[in-house]
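Undergrad: Below are the chains, spelled out letter by letter.
Number of protein chains: 2
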Amino acid sequence: MEVESRYVAVRHHVEGLPSEDDFEVKAARVRWSPESGEVLVRNLYLSVDPYQLNRMKRRSASHLAVDGIVPGERIDAYGAGEVVASACEEYKEGDVVAGVLGWEDYTLFRPSPGVLMSKLAASDDLPLSHHLSALGTSGMTAYAGLYEVGRPEAGEKVFVSAASGSVGSLVGQFAKLAGCYVVGCAGTNAKVDLMKNKLGFDDAFNYKDEPDMKSALKRSYFPDGIDIYFDNVGGETLEAALANMNTYGRVALCGVISEYTDASHRAVPDLLEVIYKRITIRGFFAWDFLRRFAEFTGVIGDWIRQGKVHVIEDISDGLDSVPSAFAALFSGDNIGKKMVKLA
Amino acid sequence: MEVESRYVAVRHHVEGLPSEDDFEVKAARVRWSPESGEVLVRNLYLSVDPYQLNRMKRRSASHLAVDGIVPGERIDAYGAGEVVASACEEYKEGDVVAGVLGWEDYTLFRPSPGVLMSKLAASDDLPLSHHLSALGTSGMTAYAGLYEVGRPEAGEKVFVSAASGSVGSLVGQFAKLAGCYVVGCAGTNAKVDLMKNKLGFDDAFNYKDEPDMKSALKRSYFPDGIDIYFDNVGGETLEAALANMNTYGRVALCGVISEYTDASHRAVPDLLEVIYKRITIRGFFAWDFLRRFAEFTGVIGDWIRQGKVHVIEDISDGLDSVPSAFAALFSGDNIGKKMVKLA
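So the sequences go chain by chain: A and B.
According to full-length UniProt numbering, the residues represented by the first sequence are 1 to 343, in order.
According to full-length UniProt numbering, the residues represented by the second sequence are 1 to 343, in order.
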């Protein structure tokens, strides 16, 4: 069996802010045979995530953990799809799967313990797209980062940056469910409105309105200090959060998006604060908690069904929209989990 | 009862590098009465520690954790002394104590659970000075920082900065006892020689010989990466260590002495490395582990008796030498634990 399968590639390594012109959509044919041991998936939803930018750089610390992306070649990415042919017992034609697929129409994979792929139950009652957001790596990242790294206790004060994004919007809601006081920041008033009026944050602000964030945090949002900072952005926001943290504060370092596109934009933390306040700063990865994937997504799924967690998604149409969807992540345009739905 | 008791004070807040001229020795009289509930101690040894510099600044994160030092007033400091008068059951004339005393001839204290003071056993067979070094806060800091924050496993690679100092010299030896590979750095060849030939470090180097420490660590000292970095200095050394750390590496942030005297000298860590290598950076304090003081110092005492740990001390004579001893901490002159012996 052979199918036409277009895929999105980068034309060259991408340094700095990405644009649509850095990408091209290429044609290919994917061949599957019953002897291959492989499963052929027609992709239905593809995830579009900021961390992919680090993979596109010529050099990045990212390459220590995830393979770099080779210009011209297919790009693996989380997604959901339908099995159209299978040479494995565990998968049948018509099964719906979520896991590591690719920015392409069809993906071939060979099941193994090292491949993240789950077969969705036929009885699954939640939208398929949620398996890329709250029930996928965004949910895992938010859950593991908040509960395993941040370890919130009721009454603690939690600050979230990029808080209307795929991960931040969940972190804030999860922290409210843990009994915390939650403030988020983001870069537009619409995002602030979403946090305050739909997601149930205690407060939220537009960081563009607060050029002196260190003072603003103290004056307006955390007069009693921050216990947990869930960092998606790095840079001055991290500096300001550290300066306002309480003793034994925890920083869950999830992303430093302000540094992805500009390495000169690095945070210069005051380490005296880190010592004297006995702060823990911990970088983490959702993947490190993979063995607990079913446990975490089970809890999140129940919260969604009970109406306790709102899932915010920003869905573009068609494989051709992947480059613009990706570039939009860095211009502050999107709200919630960015993904692409294939025709 | 009233005694003449001279004390060392700062003339003014101290910013930048301290010098002897920042201090003065002042005369006072200390009055004790049987009704006071207090204990009067004649001080025998006084500890001289870099962290005191942060207390001497007008503004410092230090003040969040430890009271700032007021110009002209007495300065509390760890030390050992002999009880000369006591209005408390637990202490008798002639008892020898170690704990928070002061840079002064005599100290009055009122026993309470919040006051760090221990009475030494009459059978104590180790030099009294060791209760200010390996059996005092330096030992606690090294033990807690390495074992509780660093959590070494046999075979792991440990890097220690300021490694011939009061804390570093113990951390390196403790890490060897944990079965680790240990490399230390310091600023003179005599210190390097001490680490390699007396303290049993696997290797050591003079950081002044390695202007590109990031490359030097990779090339010469940690070709397989660093698992634990015990940081006493901050600045470029921290940046270089982070760049060479392995996945799941731990940084025990004990001191950032290069930043004590020059706040512009801050480390600019690459947070992408921290995320992708899932590094934990944790500021800590020996005081947070005080309830385990007896446990930790018991183990360290046994190691000293068994000849497994060498205690390096640098002892000046007389209260008048406190200012020069303190200033010397920041010029890289001293080796091991700096303290002053009173006449």
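Misleading hints may appear alongside valid ones.
Identical chains blur together in the list; that is why a pair holds if it fits in one copy or across any two.
In silico BS3-like cross-links for lysine-lysine, where the CA-CA straight-line distance does not exceed 25 Å [stated by the list, open to error]:
1. K26 to K196
2. K218 to K57
3. K196 to K57
4. K214 to K57
5. K214 to K119
6. K218 to K341
7. K176 to K218
Everything labelled a hint here was simulated from the structure, so no lab data went into it.
Undergrad: Up to 25 Å between alpha-carbons, please classify K218 paired with K341: within, between, both or neither.
TA: Neither way: K218 and K341 sit 42 Å apart in one copy and 45 Å across, limit 25 Å.
Undergrad: Is it within a copy, between copies, both, or neither that the alpha carbon of K26 lies no farther than 25 Å from that of K196?
TA: neither (42 Å within a copy, 59 Å between copies)
Undergrad: Is it within a copy, between copies, both, or neither that the alpha carbon of K176 lies no farther than 25 Å from that of K218?
TA: Within one copy, since 21 Å is at most 25 Å while 44 Å is not.
Undergrad: What label fits K214 with K119 when the C-alpha limit is 25 Å: within, between, both, or neither?
TA: neither (46 Å within a copy, 45 Å between copies)
Undergrad: Taking 25 Å as the upper bound on the Cα-Cα distance, should K214 and K57 be classified as within, between, both, or neither?
TA: between (32 Å within a copy, 21 Å between copies)
Undergrad: Can you give me the call for K218 and K57, within, between, both or neither, at a CA distance of at most 25 Å?
TA: For K218 and K57, the Cα distance is within 25 Å only across copies (22 Å; inside one copy 37 Å).
Undergrad: Should K196 paired with K57 be assigned to within, between, both, or neither, using CA atoms and 25 Å as the limit?
TA: neither (36 Å within a copy, 41 Å between copies)
Hint compliance for this structure: hints 1, 3, 5 and 6 are not met, and every other hint is.
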